[in-house]
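> Chain by chain, the residues:
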Amino acid sequence: MTAAQPAAVRLSRVTRLFDGLAAVSSVSLEIARGEVVWLRGWNGSGKTTLLRLIATAISPTFGGGTVLGFDLQTERSAIRARCDLLSHQTRLYEDLTAAENLRFACSLYDIDPRLAEPALGRVGLEELAGVRVGKFSQGMRQRLTLARCLMRAPALVLLDEPYAALDVDARSVVDELLSTARASGQTVVVASHEAPPAHLVDREVTMDGGRVMTPAGVAPS
Amino acid sequence: MSMRAAQAIVAKDLRTEVRSRSAVSTVLPFAATMLLAFGFALGPDRLLLAQTAPALLWLAALFASVELCHRSYQHEAANDALEGLLLSPVDKGAVYLGKAAAAFVQLIVLMVVTTGIVIVLFGLPVGPAPALLLLTAVLGVAGLSTLGSLLGLLAVRSRTRQAALPVLILPLVSPVIIAATKATADLTRGTTAGVSGWLSLLVAFDAAYLAVGYIVFGHLLED
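Chains as they are written, first to last, in my numbering: chain A, 1447 to 1667; chain B, 157 to 379.
Next up, chain B with everything else stripped away, as it sits in the complex (with noise of 0.2 Å):
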């Protein structure tokens, strides 16, 4: 029952996003706009670009994924449906993994298209080991969505809602955008050699956020 409901929620999410087009009508114009001012800011410099390229990448994919867990929840605030969701008797760390699993693919999608920009914009290479890159690229958006599908619940029920959650994440998702950045950079430079310390600590925190999000979910949820 628990991963039929953890289905029906990434399902759920998904369709709303679909419908409500909330990522591509806000999410990606942002994510776009932010890669662009900075390319304007930094100038022509092609090898300048490129060597900051990873690092605005990494950081537009956490705005991204901020603006994303916002909307979502706010989907769940409307009309009480977070209320259904706690009424219900499945396990609620069930619940925590079908948001995070929904923001996962949704960011993923949108990693896809910035990572797009960011190649066309700043001259970034993929390098020699494009498996690897894609690697961190997926643990680094794990990271994101397993932690802002925590801190969004908590941010909605805040009285400050928006502002709530980048003051939460961007403390504690610090280590996963270091993290990324780090191995995305080595690996765009064509440098293997310190790759695999970035990513054991991706997996770390991945697991870390995961498990903390799957036990604490419920309480956060219950009054």
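Just chain A, with the same shape it has in the complex (with noise of 0.2 Å):
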């Protein structure tokens, strides 16, 4: 991490209510560019919401921050520009088939949609580029969307539960992203209720009830 370079998200107070209930409750945290994060905690501890936050898919009811710099709330576009947000829900169209849905992709992020093909491969559905994805496994289309994100390589990556309905072929492309990604200096932010492969991890968060539970600013390098 450069010093120049601001913080990969800072959140400040952030707090989020759906009907009047907090599912994020006055939430700082503090990630620094290049830290892979391991966000764990119980399901409806908050996580899932949080990462959403991060990545513009939902505003904050009250608080705010910085994600790359850029205002989670007047430059939602730049951040969506340079963030992935992985969930269970995949995104994808049925009726496409997986090269289909990529290069759809492709024309989204303004990204050479040659970089399909050789995505497919690194997580071995080159084989199946052509089959609509109504026909995948659960398994099959997570790997797709690990496809999609590492073809697009953005700085930050919010995976939500990544290792759910993934056999341990499968889970082992999820700790490759991983790799890579810390590798090549992205950001990367980890939903999971499961304990985190430590090797792959900088730092540990913990939520409960909607707030971050173990010291949430930048581990010290």
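Just so you know, these hints were derived from the structure itself, not from any lab.
There may be inaccurate statements among the hints.
Claimed, not checked - Cβ-to-Cβ under 8 Å is the rule here; a few derived chain B residues that face chain A:
| no. | residue |
| --- | --- |
| 1 | A164 |
| 2 | G240 |
| 3 | D379 |
Unchecked claim - Derived list of chain A stretches under chain B, where covered just means 3 residues or more per stretch with a C-beta under 8 Å from a C-beta of chain B:
| no. | stretch |
| --- | --- |
| 4 | 1465 to 1477 |
| 5 | 1551 to 1559 |
Stated by the list, open to error - From chain B, some residues computed to sit far from chain A (all C-beta separations above 12 Å):
| no. | residue |
| --- | --- |
| 6 | V261 |
| 7 | T271 |
| 8 | L291 |
| 9 | A349 |
| 10 | L366 |
Glycine included, C-beta positions come from ideal geometry on N, C-alpha and C.
Put the complex together from the two separate chains, hints included.
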């Protein structure tokens, strides 16, 4: 991390209410550039909501912050261009093939569509490039979303329960994504109820009841 | 980038339609059945059938547009692909233009088929100005697709979903349906005198829907 670069994520007393109930309550969190942070907590602890706030899928009810130096409220487009959120909702089109889904993403993110094929190869789906996603298992769909993320190589990767519904082979693809991201200086935030693979993670942050329970500052290097 | 995204959305929606055949398997039979039912209900009076045909044609187009726009956003709602569009950095107005253009192409195809049915079943004459009739169809379908593509988004995000779309679209699309029906009726009767007024009204509403849709779509898509 260079001193001139702003933190990858800097949240200040962020709260998100749904029908009056706080899913995330007064969270202040700072994540340095290039850090791999494991956000751990049980179901309903607020992990997913926090990732969605960082990804600008939802807005904070109170509080604010910056992501990659851009304001969470007013510079959403800049954040979206540099950030990818992978969740159990795959955001894939059932009637398009795997390759077509990736090429469609290329159009949205202004990426060279020729990157789609090697990305499919990296997750072991090159043989199924012409198969419609409607025929894919959940695990194959998850792999395809990983391929989409690898193709984009965003500065900030947000993974929500990335190991869910994955077999052993596909779990290794997630591990590879984490180690690749780490090596290339991408910032990664993983939300999971599982224990982190210690060799791939810089810091663990625990959430409970919508609050960050462990110190949420930048880990000492 | 915005135009590239709009083109990609048009291609994606049309490809999805060709593969899922939702219009062919549901929307078209629905429109054809509706026209047949009205045909039987009105009886064998050829003059009455020809007089009511323009209104029935546009009523069929309206119901087809509701179903088509609903299905288009159902594809987006599956797997939360709509959020993928939200989280992409493209201008959300371009997303709207892509959705509206894809709906326009599909509705034009449906309109060609339903017009054929109306000509055969109801004895609707094409009239002396087929070019103006074609222009009426294009402008009327543009109104249905621009409004339907905006309200389809609202409907898919509401709790009542399918029920919400007709409730939202019917009052707002009335000027388009009235103008298109009047223009079609005049042209098929061989009268062109008052048609320009109806066509001007269609152009005005199309432009208004398109402008509002382009501006508002992004706000509706956001949380």
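> Work down the list of hints and note, for each, if the structure agrees.
Going through the hints against the structure:
1. Annotation: interface hint on A164/B holds; nearest CB of chain A at approximately 3 Å, less than 8 Å.
2. For G240/B, the shortest C-beta to C-beta distance to chain A is roughly 4 Å, which falls under 8 Å, so the interface hint holds.
3. This hint holds: D379/B has a C-beta 4 Å from the nearest C-beta of chain A, less than the 8 Å allowed.
4. Residues of the stretch 1465 to 1477 of chain A lying with their CB closer than 8 Å to a CB of chain B number 0, which falls below the three-residue condition for coverage.
5. For the stretch 1551 to 1559 of chain A, the proposed coverage by chain B is satisfied: 5 residues have a C-beta within less than 8 Å of a C-beta in that chain, meeting the threshold of three.
6. Every Cβ of chain A is farther than 12 Å from the Cβ of V261/B; the closest lies at roughly 17 Å, confirming the non-interface assignment.
7. The Cβ of T271/B sits about 28 Å from the closest Cβ of chain A, beyond the 12 Å cut-off, so the non-interface label holds.
8. No Cβ of chain A approaches the Cβ of L291/B within 12 Å, the least distance being about 32 Å, so the stated non-interface status holds.
9. In this structure A349/B is separated from chain A by more than 12 Å, as the shortest Cβ-Cβ distance comes to about 47 Å.
10. Here L366/B stays apart from chain A, with its beta-carbon at least about 22 Å from theirs, past the 12 Å limit.
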